[in-house]
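Asks: Residue strings, one per chain:
Number of protein chains: 2
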Amino acid sequence: MQDSLTIRKANRSDLPDIIQLVRELAVYEKAPEEVWVTLEDYEDGFESVFDALVAEWNGRIVGMALYYLTFSTWKGKMLHLEDFIVTESHRGKGIGKQLFDEVISQARRLNTKLMRWQVLDWNEPAIAFYNKYDVAFDTDWWNVKMLFTGPPAQS
Amino acid sequence: MQDSLTIRKANRSDLPDIIQLVRELAVYEKAPEEVWVTLEDYEDGFESVFDALVAEWNGRIVGMALYYLTFSTWKGKMLHLEDFIVTESHRGKGIGKQLFDEVISQARRLNTKLMRWQVLDWNEPAIAFYNKYDVAFDTDWWNVKMLFTGPPAQS
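Just so you know, the protein sequences line up as chains Z and U, in that order. Mapping of the first sequence onto my numbering: residues 1 to 155, in sequence order. Mapping of the second sequence onto my numbering: residues 1 to 155, in sequence order.
To be clear, the hints were calculated from the coordinates, so they are not data collected in a lab. Every value quoted in this text rests on a predicted model; they were computed, and no experiment measured them. Errors might be hidden in some of the hints.
Using 25 Å as the maximum straight-line C-alpha spacing, the simulated SDA-like pairs for lysine to any residue come out as follows [claimed, not checked]:
hint, chain 1, residue 1, chain 2, residue 2
1, Z, Lys-113, Z, Ser-48
2, Z, Lys-113, U, Gln-118
3, U, Lys-75, Z, Arg-109
4, U, Lys-30, Z, Arg-116
5, Z, Lys-97, Z, Phe-129
6, Z, Lys-9, U, Leu-147
7, U, Lys-145, Z, Tyr-130
8, Z, Lys-97, Z, Arg-60
9, Z, Lys-145, U, Phe-129
10, U, Lys-132, U, Leu-25
11, U, Lys-93, U, Lys-145
12, Z, Lys-9, Z, Thr-87
13, U, Lys-93, U, Lys-132
14, U, Lys-113, Z, Glu-82
15, U, Lys-9, U, Val-22
16, U, Lys-113, Z, Asp-14
17, U, Lys-145, U, Ala-26
18, U, Lys-9, U, Glu-33
19, U, Lys-75, Z, Thr-38
20, U, Lys-113, Z, Glu-47
21, U, Lys-93, U, Ser-4
22, U, Lys-145, Z, Asp-140
So here's chain Z without its partners, still in its complex pose (with noise of 0.2 Å):
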């Protein structure tokens, strides 16, 4: 049987194997213990905040985008790209280029100016992927942010 991959839209039924890959990148970027997110979360904000693109290798999900709009004060509308991932045991195929030139398809569809993510500065595989593309990076801003809420109670 061939490997078949399809990209597509995520659906709300998706949304586990979602917060199972955001998991997964957590401990590859060293601070799993900083996802506090509920499923419930998650849907509480599918398609009123946020949206997905999901990658199926073979009908399993193994990577998946997860973006918003946004706007830019100085461009205008922008398409935000809060996460990226392909399962480990699946990178090599290709599948992370075919998924990331989808959301830039998504981005122009949207009509927007510009497309913004955030990369950790020692993650070089990532920045050497985004370096194939005609991006540019601004390493001087600091990201700042105030919570809400707390972790949750140990179970």
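Dock chain U against the given chain Z, drawing on the hints supplied.
Replies: Leaving out everything else, chain U in the frame of chain Z:
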């Protein structure tokens, strides 16, 4: 006559004043040539993608905070503060603090889990201002952007 300060939600008719403040901040951030946006872009995004608060001093708009709802894959629904500006001639009157506090109130009213924004690493007055609050700085992320548009033709 006593000075009066009003913090209120922006109306569509405030957009030209908001753009003026954005241009002023872009000069301070050493990138005025990066502002390509038009009033039409703001009208397109207002209330469909972003909202704003304005600060009126004696009836004149002297500050604004532009924000939108986003989604943290680790925490859930989030308010992103894209720009926060008080015009230079009106600093030192506590306007920024009142405006910023109202953004925090708005984030809580919208049931977000956190508020996020960015600051330039050399902008010491802004960093000092944010440090008066219970915030965390992330200094190891780079912004990446891909543009789908070019600078406007010179007139």
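Asks: If a hint holds in the structure, say so; if it doesn't, say that too.
Replies: Against the structure, the hints:
{"no.": "1", "hint": "Z:Lys-113 - Z:Ser-48", "result": "holds (21 Å)"}
{"no.": "2", "hint": "Z:Lys-113 - U:Gln-118", "result": "holds (20 Å)"}
{"no.": "3", "hint": "U:Lys-75 - Z:Arg-109", "result": "violated (28 Å)"}
{"no.": "4", "hint": "U:Lys-30 - Z:Arg-116", "result": "holds (20 Å)"}
{"no.": "5", "hint": "Z:Lys-97 - Z:Phe-129", "result": "holds (8 Å)"}
{"no.": "6", "hint": "Z:Lys-9 - U:Leu-147", "result": "holds (23 Å)"}
{"no.": "7", "hint": "U:Lys-145 - Z:Tyr-130", "result": "holds (10 Å)"}
{"no.": "8", "hint": "Z:Lys-97 - Z:Arg-60", "result": "holds (18 Å)"}
{"no.": "9", "hint": "Z:Lys-145 - U:Phe-129", "result": "holds (13 Å)"}
{"no.": "10", "hint": "U:Lys-132 - U:Leu-25", "result": "holds (22 Å)"}
{"no.": "11", "hint": "U:Lys-93 - U:Lys-145", "result": "violated (36 Å)"}
{"no.": "12", "hint": "Z:Lys-9 - Z:Thr-87", "result": "holds (18 Å)"}
{"no.": "13", "hint": "U:Lys-93 - U:Lys-132", "result": "holds (16 Å)"}
{"no.": "14", "hint": "U:Lys-113 - Z:Glu-82", "result": "holds (16 Å)"}
{"no.": "15", "hint": "U:Lys-9 - U:Val-22", "result": "holds (17 Å)"}
{"no.": "16", "hint": "U:Lys-113 - Z:Asp-14", "result": "holds (22 Å)"}
{"no.": "17", "hint": "U:Lys-145 - U:Ala-26", "result": "holds (17 Å)"}
{"no.": "18", "hint": "U:Lys-9 - U:Glu-33", "result": "violated (29 Å)"}
{"no.": "19", "hint": "U:Lys-75 - Z:Thr-38", "result": "holds (8 Å)"}
{"no.": "20", "hint": "U:Lys-113 - Z:Glu-47", "result": "holds (18 Å)"}
{"no.": "21", "hint": "U:Lys-93 - U:Ser-4", "result": "holds (11 Å)"}
{"no.": "22", "hint": "U:Lys-145 - Z:Asp-140", "result": "holds (14 Å)"}
This entry does not satisfy hints 3, 11 and 18, going by the numbered hints stated previously.
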